[in-house]
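Top to bottom, those sequences are chains W and L.
Quick note: the first sequence, position 178, residue 178 per our numbering, numbers continuous.
Quick note: the second sequence, position 113, residue 113 per our numbering, numbers continuous.
Fair warning: there could be bad hints in the mix.
Now the in silico label distances, taken between C-beta atoms and shown as ranges [to be verified]: (1) W:S133 with L:V65: 30 to 36 angstroms; (2) W:I114 with L:W228: 50 to 56 angstroms; (3) L:T151 with W:A18: 52 to 58 angstroms.
Only pairs whose alpha carbons sit at most 20 angstroms apart, straight line, appear in this in silico SDA-like list of lysine to any residue [said to hold, decoys possible]: (4) W:K99 with L:G110; (5) W:K108 with W:R261; (6) W:K108 with W:T5; (7) W:K99 with L:Q109; (8) W:K17 with W:H110; (9) W:K17 with W:V105; (10) W:K99 with L:R108; (11) W:K99 with W:I173; (12) W:K17 with W:R120; (13) W:K99 with L:F105; (14) L:K29 with L:P135; (15) W:K99 with L:E106; (16) W:K99 with L:T111; (17) L:K29 with L:V140; (18) L:K29 with L:S129; (19) L:K29 with L:W98; (20) L:K29 with L:M42; (21) W:K99 with L:E41; (22) L:K29 with L:A132; (23) W:K108 with W:A119; (24) L:K29 with L:R137.
Just so you know, the hints here were simulated from the structure itself, not pulled from any lab data.
All C-beta atoms, glycine included, are put in the ideal place defined by N, C-alpha and C.
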Amino acid sequence: MSTATRRTMELLRVQLKASAMLALTYRLDFVLDLVIGLFWTVSAVLPLFVVYGGPSSRGVPGWSFGETLLVVGCFITLQAVIDGAISPSLSTVLDHVRKGTLDFVLLKPHDAQILVSTARFQLWRVAGLLHASIVFGLGFRELGHGPSALGVLQALALLLIATAMLYSFWLLIVSVSFYAVKVDNLSNLFTSIFDAARWPASVFRGVFRIVFTFVIPLVVMTTLPAEALLGRLPWTSLLASVGGAIAVAVVARVVWLLSLRRYTSAGG
Amino acid sequence: MVQADGAECPSQGGEDDGVSLRAIPTLLKVGFAEAAAYRTEMIVWVLSTTMPLVMMLLWTSIADVAPVMGQAGSSWSSSTFVGYFLCVFIVRQLVAAWAAWEINFEVRQGTLAMRLLRPLHPLIAFATSNLAYLPMRTLVTLPVAIFLVATHRDALSSDWRLWALFPFTVFGAWLINFLVNVAVGALSFSVDSSLRVMDLWFALFFVFSGYLVPLDFFPQWLRDVSAWLPFRYVLSLPVELMTGKVSFDEALGLVLRQVAFITGLAVLAGTMWTRGVSRFQAFGG
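Kindly produce the complete structure, drawing on both the sequences and the hints.
Next comes the structure, spelled out in structure tokens:
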């Protein structure tokens, strides 16, 4: 392992440890996250019960109840990742930018992107993964069969890809914050757009289909993993997703570096 | 009027009411200027109300295959859903309140002490600054409203009496929202994570207010439950009036219940606020 990689790993370990200690201090948060998350999970699943349970409604075209539950499961998983690992760190950056304390981060002898991206983890948001597993369980019970090993592997790969994409989008938002300071609600906007990811892709038609596949690839993030779990994901989709994720990541990195160069500290 | 040591005597007496009333127009003007100054921020907030549109996509994709039957025997076509969720979007913009975050922030930062010193009840200040955003918010929702009237007029009510009730229910809905915000904000005096309670409120609101699923699709027992919870009166009631999903007589009964909830919440929020303020010591003070 090169020195740089080892130092990055060491840094990640230290930052995680700090967040873990913080999480252990606020143990009550775990219970709160568990309870409130349960309500959110219910509110995510309840419309489906109505959609599939009504006397005349046949549900989302092309998706059975169990299959749709798998999409919602992926959605809840990714939401936990966002709330736990992505959004807390990047909102600290927004704070730094607004207060002008980002200078102290930039002065540290390590890559600033890694420093700010690992600044804070909300570890108790792991609770969301518990809820997701309940939804997955319900879905597979409804379907009557479990996923194949290959399907699980593909789905995990796609969820990792989705995480990389979400992270890149967040980094782009942070880069914008160097230009327009008041963007904490811009990240809010992204969270609410991500809400659309809870439905299978067949819900989106026309312009929405194109936007949510190629511009903000919500379809890649939740529908494709669900299709992988169902064992009907074409390899080409997986490859295209990897390509897309790499492209977004490169763009985000370049934009980040360009914005950093333009950054002039507040009150400096 | 001599103001007693404000930090010691946070609650204003009755004699200040005149001052408060006279201050309101000015406060509204200041609030409006603020709304105009932070207009981009506000538009981003408005845009982040995507949930009605997300739900609209789901429901129209289903209703395009075949109309969905509600519990009350009404048939919902794709265009009924578009009308419904556009109304939801508009009402949601008009009844938004955010005092809980402001109060929580000011309690933690200690800046609430400044507000308590002023010869004006802080809750009046919060309420007016919130209401002052209304003209700008109306302006932003105007395109949606025009689109709604132009293209989905048949999804709207044609009974003028329902439209006459509509503004009152919108104001009532805002009042409920605001009072809940005050009550949760008052929790900040004793609990650090009071805003989590707001999360809980929102989760329940999503389910029981018709925000995700029109109440028409709930099974009867769940409809009965929602009639006894505040959430229907925060969003669904004005929307039901707009879309004509209720008769005038039903609407009157619902308005009465809304008033009952406002009264109850006013007492609750008032008590919690007074209790909270009495134990408030500005941080670092």
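*Identify every previously stated hint that the structure contradicts and give their numbers, smallest first.*
Violated: none.
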